[in-house]
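Input sequences plus hints: build the corresponding full structure.
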Amino acid sequence: MITTLTCIVCPMGCSVSVALENGIVTEVAGYSCARGKKYAEKEVVDPRRIVTSIVRVVDGEIPILSVKTKESIKKDKIFDCIASLKGIAVSAPVKIGDVIVKNVAGTDVDVIATKSIDAA
Amino acid sequence: METCEIAVIGGGPAGLAAAAAAKKHGVDGVLIIDRDNRLGGILNQCIHNGFGLHTFNEELTGPEYAARFVDEVDRLGIRCMLNTMVLDINERKEITVMNSSDGLTEIKAESVILAMGCRERPRGALSIPGYRPAGIYSAGTAQRLINIEGYMPGKEIVILGSGDIGLIMARRLTLEGAVVKAVAEIMPYSSGLKRNIVQCLDDFGIPLKLSHTVVDIKGRTRVEGVSIAQVDGNRAPIEGTEEYYACDTLLLSVGLIPENELSQKINLAMDPVTNSPIVNDIFETSAPGVFACGNALHVHDLVDYVSEEAAIAGKNAARHVRGPRTAPGRQISVKAADGVTYTVPRTIDPQRAEGTVKIRFRVRDVYRGHCLNVYFDGDKVQSSKKMILTPGEMEEVTLKKSDLAKRDDLKEITVKVEKE
Amino acid sequence: MDDISNTYEVVIIGAGVTGCCIARELSKFQVSACVIEKGDDVASGTSKGNSGVIHSGFDAKPGSLMAQLNTVGNRLMWEKAEELDFPVKMNGALVVCTNENERDKLDALLDQGIKNGVPGVRILERGEVLEMEPNLTDKTVAALYAPTGGVICPFNLAIAMAENANINGVEFRLETEALSVEKTGTGYRVRTNRGDISAVAVVNAAGVYADKFHNMVSGDKIRITARKGEYLLFDKILGDIFRTSVFPLPGAMGKGVLTAPTIHGNLYVGPSANDVEDKEAVNTTKAVLDDLADKVRANHLCKVPLPLNKVINSFSGLRPHEDRHDFIIGEPPDAERFFDAAGIESPGLTCSPAIGEMLSEIIAEKMSLPKKDRFISKRRGVTRFDHLTREEKKALVREAPRYGNVVCRCETITEGEILDAIHRPLGARSLDSVKRRTRAGMGRCQGGFCTPKVMAILSRELGIKMSDVTKKGSGSWMVTECDK
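So the protein sequences, as listed, match chains A, B and C. Counting from 1, one number per residue, gives the positions in the first sequence under our numbering. Counting from 1, one number per residue, gives the positions in the second sequence under our numbering. Counting from 1, one number per residue, gives the positions in the third sequence under our numbering.
These are computed hints drawn from the structure, not numbers from a lab. C-beta atoms are modelled at their ideal positions from N, C-alpha and C, and glycine is treated no differently.
So, partial list: chain C residues that the calculated Cβ filter (under 10 Å) puts toward chain B:
| no. | residue |
| --- | --- |
| 1 | L233 |
| 2 | E280 |
| 3 | D290 |
| 4 | N313 |
| 5 | S314 |
| 6 | F315 |
| 7 | R402 |
| 8 | N405 |
| 9 | V406 |
| 10 | G447 |
| 11 | S467 |
| 12 | W477 |
| 13 | T480 |
Here it is, written out as structure tokens:
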């Protein structure tokens, strides 16, 4: 199977094709640099994203807490991750780095606070 | 009248880095004034990741990047006035500030650092024809509504402009349940990062329509739809190419304008290209002791450069207050030409320079396989080949003090984009 | 929807400047009166998009109702501004002749101005006029100068009149759209989207729809065409290009495209003039905006082309143009106690105080209304914080700390002003109505910064959810709740 993607490591935006057989990269074409080749291989084999979103805060100086997955998660888990944040309300105070959801959507990655919020 | 040594106007990334640097260079009387209820500026609403790779060698979200500097400012014991608007400033560096608790007061500073950031270009500036219903937001306003206040600006969205904020908002709103129908970009290229195009649009199958713009807005109370048309080489819509998108929201991400109402009140010399003060190599404006940095000076693509430049401004504001103040020496002017739209700084004092001086700028168009060339009075002294140059990315050249020192008759440095 | 079935002596259809001025003058009499308005605020239709010029009166045809009411209206405007605390400025008007062959048109205007009794109107030769306005086009040959020309904010005029009418007992029913008017045995029945209203008398101040209601009760038909005017509004840094309102020589469709300052210190170029079918078509159009931009590039009335990147907004308005091009004021012969104020196009804004006085007297006489013993003639406007002296500002914030919180940074509008706008008679209920009363959101960032803040204040003060805050009444929602 050949997947074509846009490289993101620099503004060139090379169109890179990656051939994949049984999960093994057999050929990469269209890249202009080694970083691009590496990016394309990884992106085809195991695309991952850091997901950022918000949750509600109770009794905080501000009503909304920004959060992120502590590490990147599989791309196809993005919406599951977001769905897991629905209905969550954190009580202030919150410290940056606090775990908000453990092992979100079965990814083994925690969702953590990216802002500190004092109690109101 | 209250006094302080250095007044920093704006507590975003520029103001924070400038204040911290000033304090670390020996000035105790640093005061940060910010209109918001917390420090960090616009970073507080930029909850996505991608900040700080250059500065911290890790990928932070906006609030996390801000927190690093806020913590430092706290640790250094720098005084902050929050919820406070600067209403006026004069050439004697007397600043009129106001908030609800202290009312209207004046502060006299020995040095002022302007770090007000930038604002978004509104619809009116584009003269998009059509109605004026609810549901037309600048991307940053929508970002604030969702990320700070927790409200959705709409459910079915078209975005005009593919700058990074527009791209980021396309993903943000998609994640929170909205349908982003298209992103239209009047230019034949996006000014956003490739990474954002891939991870904010491609990941979610959102079409990016290059060389397209919004030509009509429908809806009398709330937006009901927009028409998008292809544009020709002069950015004029081509008749017959209109496509109608039913939507309830139009987001505009069509440019940022440095905030410089205060700069104008002290009659600083301004650069008409950036709409911001002209500065020298230590980020000092035409008024001695008044410095400018951050997006109030020129709009950055990476916050890391904001922090870096602001720290230079802060350090030199400290020198202005505490010394050693070097007498102004010979000034070499820096000129933007051939594809380079502006430069920061506009003058360099070769005696004062420490080690190296960076010149940062933007280019006018997309150039592939061109060179960034530096001329000293007409002699090409540096050339670096670039696979690609785009207006969306800030570029830089670095000059060595030793090279500047070699030419004691040097009058003008010119930066150009040229074919090989 | 609350069904109403009320009876008034007088129902006024339309809360534009005309309807509001009539309501205010009528409130001097002992009468039960109600103004119905389909918008969520006063001045949200025809009165919204216009030049905001107080005309001196040289333009109207001598002997017409327009001519008669213009000079009276101009004189009254300054008095009413004093009484009701709305801003006006007498900046004078110039009609510039740029072609030696057209001088006779200038002379004709002067002649008309003298006949209409316009004070101080005269012709200035090139040297004199360029001294007055150094940024005028080099092609200037001569100009007609009318020193009593002025500028006004039409919202403030309507709001001031409406507030004062309201505290003197006139009811205002907003978001109440008149659907039809029919004669009954004792007067009229006005059908609205919120039920029927019975009235002894009806005042027809329905702007572009005045023909519709008139023709429902009278056989003496009138026809009103919506004549669209579009504008480009420039940043305040260009506001001092001209001190006076600068007109070209008038043409067949009206007074032509001006380059002129607003009372708030912006500069505008406009209006265009195009008849449109759709009376709701308050949209701007590409062809006209392009045409205005071309005019700007070609130094329209100006010595230099204005920088188009300093345009902060474009907008349009609809003039209610009646075929005979004169105001229609009073009862049609076949509809007793149905009082028209129809065809109120330019100089209608200037004339509105005069129309208010004239029509209220006609009504009072016809209906034998006695004067009120206690009429409250004064009204205080929203305090403009930015216009106070430094000492006044300090004192005000000490007394009311919310004036210390700047909400709209571009125009320096404080929370105190917004609270005042919300909590006064006929207070603001939506973002646009806050904007009209305070200018929050009218500056160069066009609400980018203050919109969420004003929404939060409206939500808090009115006790409504953020998702119920609107831009301009029902249907114009701003946000939905986030599904979290």
